[in-house]
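Given next are the chains, with one letter for each unit.
2 protein chains.
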Amino acid sequence: MKKALYLLPNLLSPDQDPAEVFVPAVAKTIESLDLLVAESEKEGDKFCKLFNKQLPIHLLNEHSTEDELKELASLLSKKTMGLISDCGLPCIADPGANLVHLAREKNIPIQAFIGPSSIILSLQLSGFSGQCFSFMGYLPRNTQELIKTLKQLEKRSYTEKMTIIFIETPYRTKKIIDTCKTTLRSTTHFCMAQNIGSSKQKVISMPVGKWKKKEFVKEKEPTIFLFSSP
Amino acid sequence: MKKALYLLPNLLSPDQDPAEVFVPAVAKTIESLDLLVAESEKEGDKFCKLFNKQLPIHLLNEHSTEDELKELASLLSKKTMGLISDCGLPCIADPGANLVHLAREKNIPIQAFIGPSSIILSLQLSGFSGQCFSFMGYLPRNTQELIKTLKQLEKRSYTEKMTIIFIETPYRTKKIIDTCKTTLRSTTHFCMAQNIGSSKQKVISMPVGKWKKKEFVKEKEPTIFLFSSP
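If you read the sequences in order, they're chains B and L.
For the first sequence, the numbering used here begins at 2 and goes up steadily by one.
For the second sequence, the numbering used here begins at 2 and goes up steadily by one.
So here's chain B without its partners, still in its complex pose (with noise of 0.2 Å):
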């Protein structure tokens, strides 16, 4: 059989019910896997036992080295192989593609399968424009180069009518939210999509004018932040 790599989503939260996350074709995929390849060993066996599946788990992250990334590579061809994120769809804010990038080089088979992208999800329930969007990862953390990485941004949102997407670490939610306050026009459309995909799913978008009223923070949830023009 030829050796394949399956790119697999994992859940967004821990109290989601994987039969409304998983289609039936990521379990009988998981079943021809011969190993998983995970962001951590914590998740990857997490993963493997909503499946009560035991696979040999092999780690890549933002810590890999070159060195770990050949020796995976080396495996491609050897065995078939599923690549998750510590949660949602991987090569999506997270390091995978690397891995996707040199299954394309040695031909490798690749397959994705449906599942839930927190960032995709807060962008549709954020009601911004999805016609045109820019997903950023995280922003700096310098607050003098945030306050200008965000003005840059907001003017890109406003000529190119660009949803702007971004994250940061669930205990730097407050500082994110009171700069964009400070820092962001009035009308400009601010949304805070909170815990998404979770029972405590909560999403807050509104003219940052309004933001301006609002004494926030639930602090050290994980949030997702979008911006947008009005």
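Just to be clear, a hint being listed does not mean it is correct.
Which copy is meant is left open, because identical chains are indistinguishable; a pair holds if it fits in one copy or across any two.
[As the list claims (entries may be wrong)] DSS-like mimics (lysine-lysine), calculated; alpha carbons at most 27 Å apart, straight line: (1) LYS201 to LYS4; (2) LYS107 to LYS203; (3) LYS214 to LYS152; (4) LYS107 to LYS201; (5) LYS176 to LYS162; (6) LYS162 to LYS149; (7) LYS107 to LYS215.
The hints are simulated quantities; they were obtained by calculation from the structure and are not laboratory data.
Once you've looked at the hints, dock chain L against the given chain B.
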């Protein structure tokens, strides 16, 4: 019962198995709908037939007027609505966000469901970075403007390490590929993701230098284009 707006997925291609696209919650939700908002009567009908359900279909597409949108908005607090796109996820590369925006203003609960996004699947399958990416919709039709835009976006992809994604109507696939071959740098990686989600799915991803040696093209197939710095 509180009225709601449900953002429902649709098939990417008629040959997709609905069991592999719709999670159980979608069928359950469709039972509760009073009406369906679709881009076209034809695709709305097809969607209803998939679930053996008859629903009044209201249109929301690029031809919808402000008045038609207002009429839809007035129904939001009276009817439980489903919103679909002709294919894939609503509010991505379609005008569905306008309705979500109005629902947010009226505090109508909004729920989005997992489903297939050809944009995200293409990005995953391309092997290009998903840490930072832009979906640009359609690029200009005029050749000179197209070339100018491609060059600007290529510069951005190098400066910001950003993957650029765009679409075009199927009959212009050859023109796009030919223009990219002559406009983009030889080192830039270019990907054509065709018939995503269908049994005819085909993804070709390689540097522009290699594309130049390839006499392609299968025309008239739905295609997504991506490029990225090496």
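Hint numbers contradicted by this structure: none
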